[in-house]
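Undergrad: So you can see what is in the structure, the chains are spelled out below.
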Amino acid sequence: MQLLVNSLALGSFYALIALGFALIFGVTRTFNLAHGELILLGGYISYFLFKGAGIHILWTLPPSMLALLGAALVLHAILRRVREPYELNTLVVTFGLALVLQNAMLVIFTADYRLIGHGRQFFLESLDAYVSDTQITVFLTSLLATLSVHFLMRKTFLGKALRATIQDREAARLAGIHVDHMTLIAFGTGGALIGLAGPLYAQTTYLHPFGGSEPTLLAIIVSIFAGVGRTRGLLLGGWLLGTIESATVFFLGSSWREMVSAMILIGLLLLRPEGLWSERSKPGREA
Amino acid sequence: MFLVASLAWSSGLGPVTAAGTVGSPGITIGEIDPLTGKLAKHGQEIHEGILYAVEEANSKGGIQGRKIEVISRDDQSLPDVAINQAEDLLYRYKVSGLVGGYVDSLVAPVSELAAKYHVPYVASASLQRTLTLGRNNPFFFRVAHLDGIVEPLCSFLEKVVRPASVAILYTATPGSTEFGQEVKARLIRSGIDVKVFEKFRPGSPDFSAFLLKLRADGVEALVCGGFFPDHLILVRQIREQNLSLKAYVGPWGVAYPSFVEEMGAAAERLFGMCAWNQGITLPGTETASEAFAEGFRKRFGKTANTTTMHGYTSARALIAALEGDLKSGGSLKGEDGSRRLRALDILTPMERLAFDEKGDPRHYRQVVVQIQSGRLVAVHPPDRAGGHIQWPAP
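Residue numbers (this note's numbering), protein chains in the order written: chain A, 1 to 287; chain B, 1001 to 1394.
No lab work stands behind these hints, which were simulated from the structure alone.
Bear in mind that the values here come from a model prediction, so they are computed numbers and not experimental data.
Be careful, since some hints might not be right.
[To be verified] If you want the footprint, here are the derived chain A segments under chain B, 3+ residues with CB under 8 Å:
(1) 3-11
(2) 106-112
(3) 209-216
[Unchecked claim] Computed list of chain A residues with no C-beta within reach of chain B, every gap over 12 Å:
(4) H56
(5) R81
(6) L99
(7) L115
(8) L144
(9) F151
(10) A164
(11) L184
(12) L252
(13) G253
(14) I264
(15) L269
We put the CB at the ideal spot given by N, CA and C, even for glycine.
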């Protein structure tokens, strides 16, 4: 049971990290390699508010979300100037931005590792397992954020327009959807989600100016697991990945963790490149 | 402007020079360290230790009246960049010696180039045995050695902790892998059951499943050959999962004031290892140690740690060798510097430094420390202990 609790917490953490990346990539086709650095930025904002002003971690979420929303809009303004082939060029530009952000963070925050204190643990007799308040926070935040985005995408007119943009930008444009506005909204919402993930990333792992590649990689992997534009799939993908990793470590050993994950990822790309929860027979449906 | 200059520096776009500058022909030494990238924290600590040693020497008149200039280069924590930077220092700047380096994957390629150009290289933090074992590189020296960590750690476990079973977790880096294998072999020989022996990738975000296994196996002590950030996550998850261990020992990354600062109460009673820290110094070097600690704080506005001391010691060794060379009328040729290093015997706060025929330090030996009320207290070996162990730990 403890393994399951840990797996769910880890998976929720993965999904939270991937949410902003997946939304921006789905709607705008921007392959944001600076995603991890933006998460770190949110983490640093939270860290200094937490350590410097003594603000509770949960209260650092709004300022982090606001700041990252702004950062994402700046990113959008930069990427608007990128020419075709858009996907490839955004890859190069965001890679460059990641380097700039890494070095700027090194100068501003120094190379020290930063950590937001460890959480309290509880023993749940019904589950016969320990659970920490960090795990609970990450699980609930991830669940709420995913459901909110899912609701936005499925139940609102804006969501329909966003989904139409994900499926076919040109067709969406012909249908009268202002694709540029959709892009702006995706960047803004994605930025806010990154800002939501940053503080919880800092609370779950640690902050270092050059630690952005891990969350970026995680976001890419979970997005591939889920399939483009499938928000519910992100959470399920995160849980699945978390469970696979935890079970691998527990039954086979820590050294197998990355290998098993990589093998599953390769298999997925070969057998179901559109994502684990995609419905190939029903194109256009959002899970 | 400041930001641009800082970015240029931190990106390794240009050389960082220090201390030299005067009109008389100076002596140029080269430094290669990970000033940016994943290993930037420790690379910068070594860099500051080297700068401090050079500035200290220059404040005393340099070497035979000649100022020392250090050209610092950033390898960005990448071996291929380390090679390029070393080539540049050796070929273009024709430095009289090389110093610095953190982790074997970055030190090894530089040591090969030092041999190629016949220039002495004193590595600040290198452990891997194969780097010196059975190789004939008369230009490579290092101030640390794996035996100086494995021996005190194992004797601590065997004689003090005496656990029925241990888990060894090590990272997929050459030095840590060798460390893990050495510790495992030694503990098995002494009758301690190594129940879990696992490798992990540095930077892993989660250890909860691993810790669950320790609980299931009833492991009493955990030796983690990970680095500073790995301990941050691992220790936090140990606390969060309420895992009870007789001892948690982290040879790298725990015995740092900054680790204690970040972890707070969660760091209490953990065991770490260090070659030096303020208040933990080689007997007979107390005055020099305090002078270093105070001088460093004044110069850099921060507390020196064991990694800083490794940088300082390596630079001291190179400077002493070059000084000896010039004093005896030498020409600062690589062969002469190398010969002088081989004959070197100096006392530093970290160790009595003399090299064996392979370039390894003869007397390097770390101490086991325990974090007690936010302080690092030396607890093993007995001749270096500055306090008693607090149990239960952690």
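Undergrad: Mind listing which of the numbered hints don't hold for this structure, in increasing order?
TA: 6, 7, 12 and 13
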